[in-house]
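Q: Please work from the sequences and hints to get the whole structure.
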Amino acid sequence: MLDSLIQGILLGGYYAVLAAGLSLMFGVVRFINLAHGDMAVLGALGSLWLVQSAGVGVPLAIVFTLLGMAALGWLMQRFIFERALAGGFLIPILTTIGLGAALQNGMFAAFGSDTKSLGAHIGNLSWASWELPGGIFVGQLPVYMFATAVLVLGALHLLLTRTAFGRAVRATSTDAEAASLCGVDPRKVHRWAAAIAVALAGLAGIFLAMRAQVTPFSGPMMLIFAFEAVVIGGIGSLRGTLIGGIVLGVVQALGALISPQISILAGHLVFLAVLGWRLMQVAAAERGGWRAALSAALNKPDLSRRQA
Amino acid sequence: MTQMNQTAAGISRRAFNRLIAGSALAAPLIGTRAFGQDAATFKIGYIGPQSGPLGIFGAADGYLIETIRANLAGGIDVNGTKMMVEIITADTQSDPVRASQITRDMINSDAPDLILTHSAPETVNPVSDACEAGATPCLSTVAPWEAFYFGRGGKPDAQSFKWTFHYSFGSANFLNLYNGQWSLLETNKKVGTLVPSDADGNAIRAGLLPKLAEAGWEVVDPGPYENMSQDFSTQINAFKDAGVEIVVCFPFPPDFPVFWRQAAQQGLAQQLKIMQMAKAGLFAAEMEGLGDLGQGLCTGVYWHPAFPFASAAAGKTNAELGAGYETTTGAQWAQALGASASLFDAALALAVQAGSPKDKEAMAAAMPKLKAETAVGTIDFGTGPMHNCAVSGLAGGQWNKASEGPFQFQLDLVSNADFPGINLTSEFKPLAFG
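Residue numbers (the working numbering), protein chains in the order written: chain A, 18 to 325; chain B, 332 to 765.
Keep in mind that the hints are not guaranteed to be accurate.
[Stated by the list, open to error] Which bits of chain A does chain B cover? Going by a derived footprint, with three or more residues having C-beta under 8 Å, they are:
hint, stretch
1, 19-32
2, 130-137
3, 222-230
4, 233-243
5, 272-278
In short, the hints are calculated from the structure, not lab data.
Even for Gly, the Cβ is constructed at its ideal location relative to N, Cα and C.
A: Here is the structure:
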């Protein structure tokens, strides 16, 4: 039980990093990036290429990958997402679906279908562990990942709450038009937010490459876990994303304790429960309290009141 | 606004024209080889995954098809008649729906005399179903024959399919192999099983695990789990508590490194003597990804350059086929190379035994009796477990750090318990960590 709890919390760190970019993109740019998982895989394969083919050391490869992914994010926001956002609600979603498919097949053409992993290039770090009292083993890599998640999300939180850039980001995400009247350039803010978000996707990809193996088609499954962590933690909230990731990891680990078959299902169920609860809250707020909302839901939908 | 629209339309029209011109130039290059449509051409359709998650099974196709085309360029002799051979290929993109679609397209537009397909029920089953519906003979391999036969609604006591036949390993091969190979080492006979709740996994849990228990192995099964699970601490603790010294797994391949690294973190790997993989662990790339953790892992082997057979279609022995692939492509050989070659060997034997490959009824009538010498050994449908199935052998392989050469890992043959004709290349060694 305690062991599963610890393993779940550590797994949550990985989910949080995976979800952070998605959350940031949605919170600031109001943009659901369905290619997020594929961008993570691009980061993973990019760092693998640097290590395996270009002969760069792993720490340097991580730095290069993060910088490269940030630049890519900036460029994609500038040349693709900005235009897609101007096209209304549906276009950005379709754009990122197409981008995801193009990324998958592009990576397949560039890197081939062999599975790859960074785990072989970090010595025994991928499987080394510490033994805690009580015979509980914690893997060193999961601990480092969790620490990185807390550090990165904490730093981002400080960036958003304590700096001028953060103030601009928050202003833009609240009301882009009003922010631009006050001298903030929303497009600039969006581009930098996209750069950070895609760099975070790259970091998640590097983590994936260390703890598992990557193929060009690993992205969509990562997207599902990222989405769940974002929704559980509250869309657009970085602190919430960390909590969401940990909740998802713990629920999966505890679910496996009941039966290994419901591990992933438990995560999905908590995701649905949280989503349902949030929708109820919104409905309740609209109708003046949950009592009124419940009676409205049980009776016929009252359209006139919603319009009022 | 109008101006903008015109510009946009102009660019796209020009781009469109370029595209048309480009594809017109490229068409003859990528189109099927025109050997002529006369009656004396044996037309073989070859359908497999060349891209997508299963794409690794088709990675050797380019080399293989070129080799076979070159070898058969002068035609083949079918009972005194000289026939040319034409091979047309199609890529399923690892998608069962697309596999079915391209098979129908191929049958309708190219009318092949025989279709060959391989690798995983996700490919073999939809292609076979489309061939059955399209009345086209079809041979397939590399998927447990139970998944091919029962997965498509085959009945145990009758020939359920007229056009589609399959040869591969099945759960009995695994039982023979594991029994024989695991008995080579001194263990406490406690076996942990990591079997997911997918189609293959359910078949293994129902078919193989009880038989392992009957054979005297103490099976510790923590229960089915979902593919893409990210945390295996429950299973690992169950194995540690039971003190297992052998683990056998049938995971979705990307799940294996997650499990195995966590097993090493938690001290399970250090306690094991045998780590037996199926489904995962077929390719050297997976071992390279694991690094030191790949040393000593075991897997079933359905083709190896050291198998003492030859491919008539490629005109090479297995050793030559493996070496030729490595020198031509610079990549390491993989089991899919010989398994796919064996399909063409069986196709040539079928043409001779049917009398005329252009006569589909005669081909269908010859398949239940087909006996062929192939790169994976003798395939004999006359002695198959089911009317539409034949069984190939499964040798026991162990991944070891390569003693020399450009590649990091080599696959050593350590057990021939299920495949007596195979010579071993190395001694079976227990895992050694820590």
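Q: When the hints from earlier in the document are held up against this structure, which numbers fail?
A: none
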